[in-house]
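Novice: Protein chains in written order, with this note's numbering: chain Y, 79 to 211; chain H, 79 to 211; chain P, 79 to 211.
Heads up, some of the hints might be wrong.
Dumping the calculated BS3-like pairs for lysine-lysine here, alpha-carbon to alpha-carbon at most 27 Å [as the list claims (entries may be wrong)]:
(1) Lys210(H) x Lys201(P)
(2) Lys210(Y) x Lys210(H)
(3) Lys201(H) x Lys85(H)
Here are the simulated distance ranges between beta carbons [said to hold, decoys possible]:
(4) Ser155(H) x Ser110(P): 42 to 52 Å
(5) Lys210(P) x Gly107(H): 17 to 27 Å
(6) Lys210(H) x Gly150(Y): 45 to 55 Å
(7) Gly107(H) x Arg144(Y): 41 to 51 Å
(8) Gln178(Y) x Arg101(H): 17 to 27 Å
(9) Arg185(H) x Gly179(Y): 34 to 44 Å
What the hints contain is simulated information worked out from the structure, not anything from laboratory work.
For every residue, glycine included, the Cβ atom is placed at its ideal position computed from N, Cα and C.
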Amino acid sequence: METVRVKTGRRTQLVDVTAAVERVVIEAGVLSGVCYVYVPHTTAGVTINEHADPDVATDLEGVFDRLVPHSGPYRHSEGNTDSHAKAMIVGASQVVFVAQGWLVLGRWQGIFLCEFDGPRERKIFVRVERSKS
Amino acid sequence: METVRVKTGRRTQLVDVTAAVERVVIEAGVLSGVCYVYVPHTTAGVTINEHADPDVATDLEGVFDRLVPHSGPYRHSEGNTDSHAKAMIVGASQVVFVAQGWLVLGRWQGIFLCEFDGPRERKIFVRVERSKS
Amino acid sequence: METVRVKTGRRTQLVDVTAAVERVVIEAGVLSGVCYVYVPHTTAGVTINEHADPDVATDLEGVFDRLVPHSGPYRHSEGNTDSHAKAMIVGASQVVFVAQGWLVLGRWQGIFLCEFDGPRERKIFVRVERSKS
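So that you can see chain Y by itself, here it is in the shape it has in the complex (with noise of 0.2 Å):
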């Protein structure tokens, strides 16, 4: 297992780390198999999604700011119950399969760090798991 760090610089920022991950699966050195990302956090996620236009990341920061209303009435004090929400609904973990030797992602997609609480300082697990076949 691997940890990435990732520095956030916004409240709501979603944060291409397409680069590390596969970096970790090329120094994994595993030819086939499946890689997890995973985030330790509770007011982050991870996502795939477009990583060709920078407009797209910007517009889902967005669509999730309003899918969720920062003030609620909400009974938690520490005022980030959006973020815990929006974290709920992206999720923690992705799934990419391997081969040879690389992620197999779609034309335009990339892995995201969705932070919703930041800016703050991020960590991410990266585990590959060689096929047993």
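Assemble chains H and P onto chain Y, guided by the hints.
Specialist: Showing chains H and P alone in chain Y's frame:
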């Protein structure tokens, strides 16, 4: 890794792909393990939900279309930011256990490709990993 | 594959199942690997989020109930289309790494069954796969 091809017919459409995924599992000949279903697209996803009553899928299409508005204002110039957002909410992959050579789905569960920017030709990658023990 | 049984008490309820999943991991005796948590239902899901402050789970229940309206108009005649939609948004499975025989959860993370059509008896399937290397 096997590729399943799916033709979608509407902009937003849940397409039941359970039988196609089951075929891959049977051909893989894996008695016990984990099956991964992955969509290499950024405006489509994959989900597991009820496939007994087809009205559920129709309702879910409506829920998602109301959840994220088609018209922004958005920056992304292709007019499908809502499709990217819906794909992000649903997710690009699902995991299902395999036991005795079969998918371990719940009684009402089926696997659906979630088209959010159709009609199009879509691909699903399916991989079956054998258990080690 | 082990089955964990959970009794829920409300229509929408996040139930902390971390200890039950940890028990399966310990009994599996796997030192290094991946733990899969799967819900074989179509109106319940599984998530990973904060379990330190119970107010977070309460707030998240409210967020989901506001996100998808209980009353449609919907076609599905059982009156629980919103439950299916919430389950689809949360997802049917979670993946957590196992290291030194323990779940590798973040400091604030716990695993929750997400009931969206309770009260009911629910099942969770847990599987621990040993790493190959």
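Novice: Are the hints correct? Go through all of them and say.
Specialist: Taking the hints in turn, this is what the structure says about them:
no. : hint                              : verdict
1   : Lys210(H) x Lys201(P)             : 25 Å, holds
2   : Lys210(Y) x Lys210(H)             : 7 Å, holds
3   : Lys201(H) x Lys85(H)              : 9 Å, holds
4   : Ser155(H) x Ser110(P): 42 to 52 Å : 46 Å, holds
5   : Lys210(P) x Gly107(H): 17 to 27 Å : 19 Å, holds
6   : Lys210(H) x Gly150(Y): 45 to 55 Å : 46 Å, holds
7   : Gly107(H) x Arg144(Y): 41 to 51 Å : 48 Å, holds
8   : Gln178(Y) x Arg101(H): 17 to 27 Å : 25 Å, holds
9   : Arg185(H) x Gly179(Y): 34 to 44 Å : 40 Å, holds
Every hint, counting from the list given before, is met by this structure.
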